[in-house]
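Colleague: So you can see what is in the structure, the chains are spelled out below.
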Amino acid sequence: MLKRQIRNAKLSIDSLEGEWINLMSLVNNSYQNFDEERRLHQRAVDISNEELKEINHELEKQNDFLKSFNYGLAHDARNHTANLKGLIRMFYKYKNLEDREMIDAISQKLELSVNQMSSIIDGFLFLSSVENADEGIKKEIDPDALEEMIRLEIDYLLQGKKLDLQFEFDFEHLHYSPHILRVILVNLISNSLKFSRREVHTVIKAHIQLLSNKIFIQVADNGMGMNLEDQDSKVFRLFDNRNKKSKSKGFGIGLFMIKRILDKNQGEIAIESKLKQGTTVSIYLPFNRIEA
Amino acid sequence: MKRYKRIILVDDNETAIFLNRDVVKEFFSEIEVIAFTNSQEFLEEALKTDEWFSESTLVLLDINMPGLFGFDTLERIEEERDGEFEKFEVVMVTSSDLKRDNEMAQRFSCVMGYIIKPMRAENFMKVLKNTEVGKF
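Protein chains in written order, with this note's numbering: chain A, 22 to 313; chain B, 3 to 138.
To be clear, the hints were calculated from the coordinates, so they are not data collected in a lab. Ideal Cβ positions, reconstructed from N, Cα and C, are used throughout, including at glycine. A couple of the hints might just be wrong.
What the hints assert, rightly or not - Non-contacting residues of chain B with respect to chain A, defined by C-beta distances greater than 10 Å in every case (computed): (1) Phe29; (2) Gln42; (3) Glu80; (4) Arg83; (5) Asp84; (6) Lys119; (7) Arg122.
To be verified - Partial pick of chain A residues on the chain B-facing surface, computed with a CB cut under 8 Å: (8) Lys106; (9) Leu133; (10) Lys160; (11) Met245.
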């Protein structure tokens with residue numbers, strides 16, 4: 022009787038032990054699962070932190086860019102408004118003096134200032150439309166029409182300045198955004214104009230060529246040039262994306278618009294320049310010939 | 003009225019030069035007026051033209067210019083022509099009404115005035131009077 026009871030008790034203990042072992046392995050398993058889950062979770066957190074950091078960095082960069090761009094535009098708008106005010110005052114002065122010649126000159130300047138003002142408004146529009154599909158609209162581009170459009174825009178900047186502006190568009194048909202080509206060419210050409218030298222006859226060459234998977238755009242001038250070896254060269258700071266504070270000041274809004282286009286379209290830029298010899302800016306934009 | 007041998011206008015905007023020249027000519031109709039639309043060119047000229055510093059010269063200088071800012075230009079001139087500013091006077095003519103820019107201008111010994119665009123005969127006159135006293 023006692024023996025049987027002991028045997029039963031032993032059996033119970035054995036089975037209890039078995040259950041205990043089962044339970045322990047179960048607990049152990051769920052610990053392992055839990056640990057695995059925790060690790061996965063931590064990894065997800067790490068990744069999203071990393072992503073957030075990256076997004077944040079990108080946003081900061083965009084914000085800096087927009088601030089600078091906005092500052093540049095506002096400054097330019099202010100300048101042209103001051104010019105308009107001054108010109109109107111001057112107009113009344115010479116109207117009273119009945120000086121026909123001066124009134125003509127003032128009228129020309131008024132027209133110029135109004136045009137400049139309207140290109141600033143274009144700049145603000147560019148700023149607001151840069152995130153939508155506006156600039157992405159592709160059209161069939163005719164090289165002659167493109168040249169004419171650009172000549173017209175440059176024309177009001179010339180103010181009677183003598184200039185040899187040469188176009189070499191090596192394509193017959195191109196399906197691409199005319200907006201992008203126009204912004205790049207007009208701004209590069211007007212920069213070349215701005216830094217032309219008095220002592221030489223200004224020659225500016227604008228060139229577009231289709232490479233296998235890229236559009237190559239180049240504007241070369243014989244103007245003042247700059248010293249690119251200067252580590253502080255502002256142009257490099259502007260186009261260097263690794264640089265956190267790409268300085269805005271001292272640039273027209275034009276280079277900013279170009280930078281924005283390059284950033285958005287994974288374009289590349291190369292600048293060659295020599296003091297008192299000239300500057301050549303080359304831009305490469307990805308382009309799929311087959312798709313086009 | 004103070005007599006100047008020459009007046010130099012530096013502004014990247016041609017219309018601003020046109021306007022400022024007209025105001026200047028109202029006061030100094032006979033004087034030589036030299037204009038630069040490029041600050042770099044002005045700087046190079048300033049570094050090699052001794053007369054600008056030995057004869058009474060007034061410069062109307064813009065601040066916000068592409069490539070080389072007005073203040074950067076002045077810094078370079080002050081570096082190279084140490085202590086030669088008896089006769090070389092500068093008036094900043096700018097569309098910036100930022101306090102920072104005005105304070106910056108006052109740090110340069112050769113800067114005698116600060117005019118916010120558009121420059122009018124009245125405020126140019128005011129600054130000319132002040133340059134006789136030598137401050138703003």
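Colleague: With reference to the structure, classify each hint as holding or not holding.
Modeller: Quick rundown of the hints versus the structure:
no. : hint   : result
1   : Phe29  : holds, 14 Å
2   : Gln42  : violated, 6 Å
3   : Glu80  : holds, 19 Å
4   : Arg83  : holds, 21 Å
5   : Asp84  : holds, 23 Å
6   : Lys119 : violated, 4 Å
7   : Arg122 : violated, 7 Å
8   : Lys106 : holds, 5 Å
9   : Leu133 : holds, 6 Å
10  : Lys160 : violated, 32 Å
11  : Met245 : holds, 6 Å
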